[in-house]
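Here are the chains, one letter per residue:
2 protein chains.
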Amino acid sequence: MLEKLIDAAIGREKADVVLKNGKFVNVFTGEIQEGDIAICGGKIAGFGKYEGKVEYDISGKIAVPGLIDAHVHIESSQLTPEEYAKLIMPRGTTTIIADPHEITNVCGIAGAEYIWKASQNVPLEVKVMLPSCVPATAFETSGATLSGADTEKYIGENFIYGLGEFMNYPGVIYKDPEAMKKLKAAAAAGKVVDGHAPNTSGNGLNAYIAAGIMTDHECVTPEEAAEKASKGMYVHLREGSATRNVAVNASAVTPANMRRFLLCTDDRHAADLKANGHLDNALRVAVKSGIKPADAIVIATLNSAECYRLYGKGAIAPGYDADIAVFDDLENFRCYMTFKGGKLVAKEGKALFEAEKYLPEAVRNTVNAKEVKADDFCLKLKGNRANVIRILKDNVVTERVVREVQSAGGDVVLKGTDLLKLAVVERHHKTGNIGIGLLEGYGLKGGAIGLTVAHDSHNIIVLGDNNEDMAAIVSELRRIGGGMAICAGGKIDSLSLDIAGLMSSADAETYIRQSEALLEKAYAMGVSRGFEAFMSLSFLALPVIPEIKLTDRGLFDVNRFDFIGIDA
Amino acid sequence: MLEKLIDAAIGREKADVVLKNGKFVNVFTGEIQEGDIAICGGKIAGFGKYEGKVEYDISGKIAVPGLIDAHVHIESSQLTPEEYAKLIMPRGTTTIIADPHEITNVCGIAGAEYIWKASQNVPLEVKVMLPSCVPATAFETSGATLSGADTEKYIGENFIYGLGEFMNYPGVIYKDPEAMKKLKAAAAAGKVVDGHAPNTSGNGLNAYIAAGIMTDHECVTPEEAAEKASKGMYVHLREGSATRNVAVNASAVTPANMRRFLLCTDDRHAADLKANGHLDNALRVAVKSGIKPADAIVIATLNSAECYRLYGKGAIAPGYDADIAVFDDLENFRCYMTFKGGKLVAKEGKALFEAEKYLPEAVRNTVNAKEVKADDFCLKLKGNRANVIRILKDNVVTERVVREVQSAGGDVVLKGTDLLKLAVVERHHKTGNIGIGLLEGYGLKGGAIGLTVAHDSHNIIVLGDNNEDMAAIVSELRRIGGGMAICAGGKIDSLSLDIAGLMSSADAETYIRQSEALLEKAYAMGVSRGFEAFMSLSFLALPVIPEIKLTDRGLFDVNRFDFIGIDA
Numbered sequence: 001m002l003e004k005l006i007d008a009a010i011g012r013e014k015a016d017v018v019l020k021n022g023k024f025v026n027v028f029t030g031e032i033q034e035g036d037i038a039i040c041g042g043k044i045a046g047f048g049k050y051e052g053k054v055e056y057d058i059s060g061k062i063a064v065p066g067l068i069d070a071h072v073h074i075e076s077s078q079l080t081p082e083e084y085a086k087l088i089m090p091r092g093t094t095t096i097i098a099d100p101h102e103i104t105n106v107c108g109i110a111g112a113e114y115i116w117k118a119s120q121n122v123p124l125e126v127k128v129m130l131p132s133c134v135p136a137t138a139f140e141t142s143g144a145t146l147s148g149a150d151t152e153k154y155i156g157e158n159f160i161y162g163l164g165e166f167m168n169y170p171g172v173i174y175k176d177p178e179a180m181k182k183l184k185a186a187a188a189a190g191k192v193v194d195g196h197a198p199n200t201s202g203n204g205l206n207a208y209i210a211a212g213i214m215t216d217h218e219c220v221t222p223e224e225a226a227e228k229a230s231k232g233m234y235v236h237l238r239e240g241s242a243t244r245n246v247a248v249n250a251s252a253v254t255p256a257n258m259r260r261f262l263l264c265t266d267d268r269h270a271a272d273l274k275a276n277g278h279l280d281n282a283l284r285v286a287v288k289s290g291i292k293p294a295d296a297i298v299i300a301t302l303n304s305a306e307c308y309r310l311y312g313k314g315a316i317a318p319g320y321d322a323d324i325a326v327f328d329d330l331e332n333f334r335c336y337m338t339f340k341g342g343k344l345v346a347k348e349g350k351a352l353f354e355a356e357k358y359l360p361e362a363v364r365n366t367v368n369a370k371e372v373k374a375d376d377f378c379l380k381l382k383g384n385r386a387n388v389i390r391i392l393k394d395n396v397v398t399e400r401v402v403r404e405v406q407s408a409g410g411d412v413v414l415k416g417t418d419l420l421k422l423a424v425v426e427r428h429h430k431t432g433n434i435g436i437g438l439l440e441g442y443g444l445k446g447g448a449i450g451l452t453v454a455h456d457s458h459n460i461i462v463l464g465d466n467n468e469d470m471a472a473i474v475s476e477l478r479r480i481g482g483g484m485a486i487c488a489g490g491k492i493d494s495l496s497l498d499i500a501g502l503m504s505s506a507d508a509e510t511y512i513r514q515s516e517a518l519l520e521k522a523y524a525m526g527v528s529r530g531f532e533a534f535m536s537l538s539f540l541a542l543p544v545i546p547e548i549k550l551t552d553r554g555l556f557d558v559n560r561f562d563f564i565g566i567d568a
Numbered sequence: 001m002l003e004k005l006i007d008a009a010i011g012r013e014k015a016d017v018v019l020k021n022g023k024f025v026n027v028f029t030g031e032i033q034e035g036d037i038a039i040c041g042g043k044i045a046g047f048g049k050y051e052g053k054v055e056y057d058i059s060g061k062i063a064v065p066g067l068i069d070a071h072v073h074i075e076s077s078q079l080t081p082e083e084y085a086k087l088i089m090p091r092g093t094t095t096i097i098a099d100p101h102e103i104t105n106v107c108g109i110a111g112a113e114y115i116w117k118a119s120q121n122v123p124l125e126v127k128v129m130l131p132s133c134v135p136a137t138a139f140e141t142s143g144a145t146l147s148g149a150d151t152e153k154y155i156g157e158n159f160i161y162g163l164g165e166f167m168n169y170p171g172v173i174y175k176d177p178e179a180m181k182k183l184k185a186a187a188a189a190g191k192v193v194d195g196h197a198p199n200t201s202g203n204g205l206n207a208y209i210a211a212g213i214m215t216d217h218e219c220v221t222p223e224e225a226a227e228k229a230s231k232g233m234y235v236h237l238r239e240g241s242a243t244r245n246v247a248v249n250a251s252a253v254t255p256a257n258m259r260r261f262l263l264c265t266d267d268r269h270a271a272d273l274k275a276n277g278h279l280d281n282a283l284r285v286a287v288k289s290g291i292k293p294a295d296a297i298v299i300a301t302l303n304s305a306e307c308y309r310l311y312g313k314g315a316i317a318p319g320y321d322a323d324i325a326v327f328d329d330l331e332n333f334r335c336y337m338t339f340k341g342g343k344l345v346a347k348e349g350k351a352l353f354e355a356e357k358y359l360p361e362a363v364r365n366t367v368n369a370k371e372v373k374a375d376d377f378c379l380k381l382k383g384n385r386a387n388v389i390r391i392l393k394d395n396v397v398t399e400r401v402v403r404e405v406q407s408a409g410g411d412v413v414l415k416g417t418d419l420l421k422l423a424v425v426e427r428h429h430k431t432g433n434i435g436i437g438l439l440e441g442y443g444l445k446g447g448a449i450g451l452t453v454a455h456d457s458h459n460i461i462v463l464g465d466n467n468e469d470m471a472a473i474v475s476e477l478r479r480i481g482g483g484m485a486i487c488a489g490g491k492i493d494s495l496s497l498d499i500a501g502l503m504s505s506a507d508a509e510t511y512i513r514q515s516e517a518l519l520e521k522a523y524a525m526g527v528s529r530g531f532e533a534f535m536s537l538s539f540l541a542l543p544v545i546p547e548i549k550l551t552d553r554g555l556f557d558v559n560r561f562d563f564i565g566i567d568a
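Here the protein sequences come in this chain order: A and B.
Just so it is clear: in the first sequence, position 144 is 144 by UniProt numbering, and no numbers are missing.
Just so it is clear: in the second sequence, position 96 is 96 by UniProt numbering, and no numbers are missing.
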């Protein structure tokens, strides 16, 4: 193989593949350069003048190294890794750093292993991180727990690339023994450690970094991004579906600190991937925000390769992996062709590969909730003032508000108010836990809506204006093994997320069509279009984001960092 | 330890050491920044506002990450690693990538192991490369051979950091099986591979890089440096004693390609280190040549750390090793203090550590040459025209010239000519091999001079105007176990290089004084001051540098790449 590569590089033998007549971004010089790109045995033999057994004319186009998504939860697409690959490879992405945080919270290490094994069926290169925060907090019931000892056990596994985003910032700075164990295990194994430290700075940030945490993708101001980069962190510029931070952080990037910036999508749902793309979308935003096109490419390729120690990736240069994206231009970033290991895997928006889906038992039939009756959703108050969760548009934070509430027959009366009943039903261990609260501002009328995607423990979250329909939703979600369901006028519609209750085993087209139909039903029930009807619910159970959330164990005041009663 | 570091970083506990009131170069931003630097447990806890159990006032000074010499042969200093460390750490260097090419050509793997073990006695961090070219060519007799199989055997050893400079460029591009075996072994072990590819470009260079060779320190024009960097090589800007390439290559460095440049010294002798310094000297030249001071620091620190995967080195930032050099300014680079792992190891030009020397038997008594008589140096010619080596000032290349030579009594007559007799006497395996040739332009009269440093196989090289004194030199070098000797008017003076015939076990001061005295004796015998009298001889046996050289097997025409007769 090496010998063949040398022969091809020197021009003694024809290369396997040559991209002819185009230009390419040289990430080492920041220049757009002319020259044929010769590929042999999956590697780049060289650029210059070459002939190939197969030649692709890319005149008028610009080749760049295959894009690297430096941090992504595949589960947020609600697609399998196989379908995910088919959506993103035609956009120019060839490698992702995947943190299976969601599925691992449901299925434990088997979830991470599933993501890895399923990825072996597609040309997308998926580096799987070991989630560091399973469960994310001690205030909810997750499907699985990964302790410090588990981290020690799994961090050295072949399919584990590093330690996933370390969300437990207090655990680091207060030296929580389990957190310390996890960080020491990663250090001992010589693995990379991702971070997640919104709104940290100064000496607290120093401590977090000194603990061995290398990256952050939560910056929302250029000052925050600049400080983190100046302290040696790799800073992901994130362009997700809900969290779009590239534009705001672009001004933090300077020629001198540029090498510390990466691109990532974090969470992007299927419809967004289909309609707007993946890192190609992030690149469009980056360039529109003032980052020079060649610099944007360096950020999306070489920098991620360096950060994640992906030797041989991130450049079009001799000896590098022949992972290449060919764009029409560096403004609209329309992807013409994608090569992975020298093979053409996508062209003009279409993936050129098929994959049989890997669907192991371990990630299926994960809904293990007790049967519920309508009465289980009764909410008995002592008085007539209640702590209520107020949901905000375009936001995952909530507000705590106090409202007057009437009761009758051992339950609150919702009729004539803007309030809905919200419940989180434990679904992993049949504990029967149900947390019940009140939600304001969502707008649903005449039924209930619910799903098994509820960050980060992914219990059943259900919202409604009557107990019967809420119980019907839970029954339906139990029946279909997880997914999304809606009950309007007594009629149930649902969509199965049969993998861990998080992801659909359907193909992307089918899933997108079904989920959009379901969404329209929700809007028809009065849900404000300011919300993504299902996904906005899924963050109401996440007790690390202010100000007030609901878990299967009750109402949680994030500011006080403890449970509170509903009576105010 | 991690817990203590976190406490110090957050300011909950005093740091072990704090550098107060100074500035430092932030290699991630290219800026000169103010702030205390806190150190705990050998690592940097953070910068900002800190208090320490021990505090050093560095007001008016500038701290930078400890300098990293990206490629050096310690043997060229002719000092032990212990003495070498004492010379260079006060200049701000804390880590070196050491290629023990010379001593391994004499002693085999035991030579590399010696360099590593001796380095454990000093705070200097020495990463030892496995020499890839032992012997350097097939046209000479070295002390040892490292085959492809040996490389497979040793490359995974704990004390081996990577594969040393791959000088065998033809071996790569013509796919020599042994060369292939070595490169594949390094790739399989996931180790870095250094290069050495003077004057290569285009597709040949592509092939060399595609073979997995990552670096080059032989660029002598900015065009060559720029091409190599553009193809993803790390390019060492070299400032050695004889080869000073920083100034000429400085214009190749741009903001966009800057991260691919490193600094190295390659070969620097003791007197030069003492008088002019180490990387501090290279930094002075770099800045004088137009590289911005902060960029020069990035090149000398972060870039080398990234190239050589020295995670946790190369920056002053939380969690990084507390390897720090404090300079008076970024123009003269006078080093005020050097810290290694948080410990003050040098101050105001003086090393603050002592080290007992490690002197294993394996690297001593390495002169194993047959006894010689004056007659062994007779040179019988068939005719009266001889191929003669013409030595050039300030240069390691030579010219082939043809001269009329008289013979008498079965030997050439040197009297009345500018010619001297040059001999290379095999000294490793008692083969009795003696290569004899004629040298022009050196200037010695009335005696002989010789040494056991003769690149790269390090046989005895001896030069004289009469056979008796040449034989006396060889006898003396055998007696003292290797070194340098001079015979003037029948009187012998010598200096022992008792480690492999290459390095002195004496302290640096003593060695420098002795070697300068010996040099003066050589100049007193008429050697032109344009030559470093001994070291200029040591390159006359290196059959890879044009145009005509002498090995223990005879006269070698580098252009024809074969032996030639002396008769012309």
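Worth flagging that the hints you see were computed from the coordinates, not collected in a lab.
All values derive from a computational prediction rather than experimental measurement.
Some clues are possibly wrong.
All copies of an identical chain are treated as equivalent in the list; a pair is satisfied when it fits inside any one copy or across any two copies.
[Stated by the list, open to error] Each computed DSBU-like pair below joins lysine-lysine, with the alpha-carbon atoms no more than 30 Å apart:
id, residue 1, residue 2
1, Lys117, Lys191
2, Lys181, Lys153
3, Lys347, Lys4
4, Lys175, Lys382
5, Lys380, Lys347
6, Lys181, Lys191
7, Lys343, Lys181
8, Lys181, Lys49
9, Lys153, Lys191
10, Lys350, Lys430
How the hints compare with the structure:
Taking identical chains as interchangeable, the C-alpha atoms of Lys117 and Lys191 lie at most 30 Å apart whether they share a chain (20 Å) or sit on different chains (28 Å). For the identical chains of this complex, Lys181 and Lys153 are intra-copy neighbours only, at 11 Å inside a copy versus 35 Å across copies, given an alpha-carbon limit of 30 Å. In this assembly of identical chains, Lys347 and Lys4 lie within 30 Å of each other by CA distance solely inside one copy; the values are 27 Å within and 54 Å between copies. In this homomeric assembly, Lys175 and Lys382 never come within 30 Å of each other (Cα to Cα): the closest approach is 40 Å inside a single copy and 85 Å across copies.
Taking the closest pair of Cα atoms, Lys380 and Lys347 never come within 30 Å of each other, the shortest separation being 59 Å inside a single copy and 74 Å across copies. In this assembly of identical chains, the alpha carbons of Lys181 and Lys191 lie at most 30 Å apart whether taken from the same copy (14 Å) or from different copies (29 Å). For the identical chains of this complex, Lys343 and Lys181 are inter-copy neighbours only, at 28 Å across copies versus 42 Å inside a copy, given an alpha-carbon limit of 30 Å. For the identical chains of this complex, Lys181 and Lys49 are inter-copy neighbours only, at 29 Å across copies versus 53 Å inside a copy, given an alpha-carbon limit of 30 Å.
With identical chains, the CA atoms of Lys153 and Lys191 are at most 30 Å apart both within one copy (14 Å) and between copies (26 Å). In this assembly of identical chains, Lys350 and Lys430 lie within 30 Å of each other by CA distance neither inside one copy nor across copies; the values are 43 Å within and 71 Å between.
Against the hints set out earlier in the document, violations occur for numbers 4, 5 and 10.
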